[in-house]
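Based on the sequences and whatever the hints tell you, model everything.
Same order as they appear, the protein sequences are chains L and X.
Residue numbers are given in this note's numbering: position 36 of the first sequence equals residue 36, and the series is strictly consecutive.
Residue numbers are given in this note's numbering: position 64 of the second sequence equals residue 64, and the series is strictly consecutive.
Source of the hints: derived by calculation from the structure; they are not laboratory data.
Careful: at least some of the hints might be erroneous.
To be verified - Only part of the chain L face toward chain X is listed, based on derived beta-carbon distances under 8 Å:
| # | residue |
| --- | --- |
| 1 | I8 |
| 2 | Y11 |
| 3 | L21 |
| 4 | T28 |
| 5 | K51 |
| 6 | M60 |
| 7 | I71 |
| 8 | F72 |
| 9 | V74 |
Virtual Cβ for every residue (Gly too), placed ideally from N, Cα, C.
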Amino acid sequence: MEAETVHITPYRTYAWVLITLLAFTFLTITVTWINLSALTVLVALAIATIKAGIVLTYFMHLKFESSLFRIFVVGVLAIYVLVIIFTMSDYLFR
Amino acid sequence: MEHRDDIGAKLGMWVFIFTEILLFGGLFLVYTVMRGRYAADFHSAAHHLNAFIGTINTLVLLISSATVAMSITAVQKGHNKFAVLLLFITLVCAAIFMVNKYFEWGHKFQIGLYPGSDLMLTMNHGQVMFFSLYFFMTGLHMFHLVVGGIILTIVMVKVNSGAINSTRYVLLENGGLYWHLVDLIWIFLFPLLYLIT
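Okay, structure coming up:
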């Protein structure tokens, strides 16, 4: 049987998470309209990363799962970042 | 007493999600390299994309993710009827997404813009690269959306029949995880394909 009690996330939390995500979406669109040239991509990617973090934390329940899940997710993302770094260093400085 | 391991089931789902992240991750890597090489072509090619439809689809997917997440709360509280309604809203959102995609892709096919078309042969290499990535990445994403829709339909039927209830709902949780993955991928696809003009 489950030793720990189940965490029930209130509807309210999800509603706020949704509003936050929608706000970030409009922020991305506004930023691309302003046109910060080279910065635009970085800002858009930064906002996308924040949104992804919110989805992982709340919608995908990582905040309320055992830390094993968080360690796995962080580990896999670290591997992906390493793949990017190795590929780009090979591609750019070959 | 029946034997089940909800943590193990969820861990298995996450391992599957990791393979999906690396699958799309590889495509994003190709995108990064090609965009670095053909920045101007990517820029001009992206003008052909309909940012309005892209935005609508982003909103629709975010809302659908929220309703799936809420359906878990509903089932945990024993409100199965409400959970079925929330899952139904999710499926409606998925349908709206697909209809938008149908019009979006349909318009491109109509003006002769599809992989291997005569129009694409006249374009620069960078523009061909952009559209190839656009069709492949959004196509693969759409395939995931259809699969997610099928999974959530099964889940909805099971919530309705009571097979998924407040004491056992790991299938709903895993179906939800898959759906959030579809949302997660779109969060990156949207700015990288539609908003780079």
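Results of checking the hints against the structure:
no.	hint	in the structure
1	I8	holds, 5 Å
2	Y11	holds, 6 Å
3	L21	holds, 5 Å
4	T28	holds, 6 Å
5	K51	holds, 5 Å
6	M60	holds, 5 Å
7	I71	violated, 11 Å
8	F72	holds, 6 Å
9	V74	violated, 11 Å
In summary, the numbered hints that this structure violates are 7, 9.
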